[in-house]
Amino acid sequence: MDLIHPHSKRDVMDALRGASAADTRVLIVGGRQHIDKGNPSEADAELWTTLLDDRIAYDPAEMLCVVEAGMRVHDLRTMLAEGGQEWPVDGPDDATVGGVIAAGVTTVRQLRVGTMRDTIVEMEVVTGDGRLVKSGARTVKNVTGYDVHRLLTGSLGTLGTIVQIALKVRPLPKTARTLVINEGGLELGRRVLDAVPLPSAVLAEPDRLVVRLEGWPEEVEEQAAAARSIAAFGETEAPFPEACFPDATTVAEAAVVPSRLAQLLAGIDRYRAIMGVGVAWVPFEDEGALTKLRARAAELGGIAPAIRGPGGLGDAPIPAPEVERRIRAAMDPAGILAPGRTWST
Amino acid sequence: MAALDDARTELVAALGADAVLHDPLALRLYARDASMVEGSAGLVVFVRSAEDVVVCMRVAARHDLPVVPRGSGTGLAGGATPIADAIVVVTAKMDRILEVRPEDRLAWVEPGVFNLDLADALRPTGFTYAPDPSSQQVSSIGGNVNTNAGGPHCLAYGVTSAHVLAVDVVLPDGSVGRFGAEAPAAPGYDLRGFVVGSEGTLGIVTAACVRLTPLPPAVRTMLLDFAEVEDCAQTVSAIIARGVVPAALEMMDRGIVRAVEDFAHAGYPTDAAAVLLVEVDGLPAAVDAQTREVEAAAREHLVGTIRVAADDTERALLWKGRKSAFGAIARIAPHYHLHDCVVPRKALADILAGVYAIAQRHDLIVTNVFHAGDGNLHPLFSFDRSVPGTLERVLAASDELVRLCVDAGGSLSGEHGIGLEKRDFMPLVFTADDLDAQACLRAAFDPDGRMNPRKVLPDGARCGDYAAAALGRDGALPEGTWI
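Same order as they appear, the protein sequences are chains A and B. Numbered by our numbering, the letters in the first sequence go through residues 1 to 345 in order. Numbered by our numbering, the letters in the second sequence go through residues 1 to 483 in order.
I should point out that these hints are in silico values taken from the structure, not numbers from a laboratory. Since the model is a prediction, treat every value here as computed from it, not as a measurement. Check each hint, because a few of them may be wrong.
Rough simulated footprint, nothing fancy, chain A against chain B, three-plus residues with beta-carbon under 8 angstroms [said to hold, decoys possible]:
| no. | segment |
| --- | --- |
| 1 | 374-383 |
| 2 | 409-417 |
The list that follows gives simulated cross-link-like pairs (lysine-lysine, BS3-like), each with its CA atoms no further than 30 angstroms apart [unchecked claim]:
| no. | chain 1 | residue 1 | chain 2 | residue 2 |
| --- | --- | --- | --- | --- |
| 3 | B | K320 | B | K93 |
| 4 | B | K346 | B | K320 |
| 5 | A | K168 | B | K346 |
| 6 | A | K168 | A | K9 |
| 7 | B | K346 | A | K174 |
Beta carbons are placed, not taken as given, at the ideal position from N, Cα and C, and that holds for glycine.
Pulled out of the complex, with its shape left as it was, chain A reads as follows (with noise of 0.2 angstroms):
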């Protein structure tokens, strides 16, 4: 396995052009937090991006910053509570912005941040042959040309490296607090759901329920009365999100409409949903158990694809094969980009 570790776009473009020209199979790698995510590929190279690590612009007034997207998210996070805001995306320290990005990682607080998708305005991207293509603006809106962003986002790096982003990013919360209680499941998750006005998550397992609380002290107040109405909460002080089941070694990630998460989850006694969104992460031992899950999730219009561990993403249909293959063509001609990795190719 060759290593390509670039220190600048110029770099990146140089690589890129010569493994294409060589037919070099090319394996993009951030912070390594989100490789398992994909179908197996086979790769002659890794590209490391986290070379590419620096701070291009960030002005708070503006609620944007511009980054490398080898920057990992414990750096932006700190660079962003000097600004006093925060990019609303809970991924891990050590990944980077850019395999946040390219791994479609779900945000657990988006009943009131929104989607990570939504907070990317501009981006920087080498195509597999090494053209620099940019996209989007700098600006919180733009309706200008086609968002190419758009596409690399949840792309696997299978369309192009990721180089820069820039990022809508929003005003710390002026009080955070999560509510947690022993007891639980689906259905007291609902009924929290439907007691306390936007929450930022609740987030439901079995026999616990967590209630992520954010935004000015006297509302936090209000929504906690609320939820205490319903059952009798404690508080924690550990950090929000906790790590998904840090001990299993497979994980896979369902989403469906919300109000299939109790048929979805029936019989499974592992799992952490996120209520009011429809995403569940579940450990599962053996390939038999996420057979089974993704029979299900499929059934209810959903997929299961494994964000940990061995699995793959499953064999959903695409909606338009076609069309999926000639946008990869369009970005990365040669198909050296991690050819097999993503549901189309």
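Please build the complex by placing chain B on the supplied structure of chain A, with the hints as guidance.
Just chain B, lined up with the frame of chain A:
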């Protein structure tokens, strides 16, 4: 044109004579949208279902004819203006709300549903559809999706793309696909995200699955007035700097306030240089806290009076003033040209000064009403087209305005789109490689270059082998197109 005649015969046979118009009046009416550009329609087809759209696409493909989708025709950039005798496919009659599912926070709607009708229909469920373009009484969801429409409340809630979970699309070859999903993740690339804002150049949206947003428990609307435009503009940044993101933050200058007040009688102060309409929402306690911060920020910048709407009636009146602005300006002059630049928020004061200078230099009346919180300007030139030389002055001023905003780090359009009007400005913000990549990705959906040709990208944008087909579709560019 034999191809067009044959296409008409086939469409009449499939959809009925009343669904296909080709009389001179209809062709003239559908030769333009709400922009200044007039093109030429070959046929006008009213579709009632996705199957009808498939028929249109197949007929057009068979005869190698261009297709232009059209919603309500309120677009301001020429996106629905047909070129080269295209088949105009009107989705206005596909106007059903198909399904509302509060338990899943989603609804399925056809493209012809008016934006405001959707919001009204959702209200009893405790939810709303958040994007609220000023055209919301008449603009349709299909058009909103294709322009990634914004609106005053997009500051806190995000633009259309954040509220569209999935779209059913008929591609130019007549094949159909559901891009995105009801579920929070979908297999494959985010084609949904690429279609939203694509200005009808990739296919025709026949249904949209939209996200429902909970109605806020409390809302407060304030009108702040200022003796200086600069203080007003700086208050915008000052509010954000305090960690407050209002639901809406709209600015109006004196010219527009006077026009609106004559029309809406909302009690706007006509002696102020500029006003800010600020709305905060959330839980009652959060609304109180945000109100305090807004007031403090405004006082730092010499606010005159702060009028807080006492009840829903007064709140509706204040919004009536804002939302009737584009109707009210008809009192200034018969024609207007509305702009849509986005700039960094901190550049607002300088850009506004620049806007006034440009208007003065070209002897034009300019008024401003815009989404200040987003840095999304809408300078509006009012004029009488029948006065010789006026249109030329408007276009010259518009050209300067676009360049001014781009030089300040801004973009060409915040919410109206590129269409025909701004496509030749694209090289100001994108390199040839950027534009070529965009052309290739567009061709991934439309290899023959028949969907809304010559919109969005300038003619120079190439995509290797794909380009040849698209370039064949010349037809003269219509009058009023900026090139």
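We went through each hint and held it up to the structure:
1. 374-383: holds (count 3)
2. 409-417: With 9 residues close enough to chain A, the hint holds.
3. K320(B) with K93(B): Holds, at roughly 28 angstroms.
4. K346(B) with K320(B): holds (28 angstroms)
5. K168(A) with K346(B): holds (16 angstroms)
6. K168(A) with K9(A): Holds: K168(A) and K9(A) sit about 22 angstroms apart, inside 30 angstroms.
7. K346(B) with K174(A): holds (24 angstroms)
Violation of the numbered hints given earlier is absent; every hint is satisfied by the structure.
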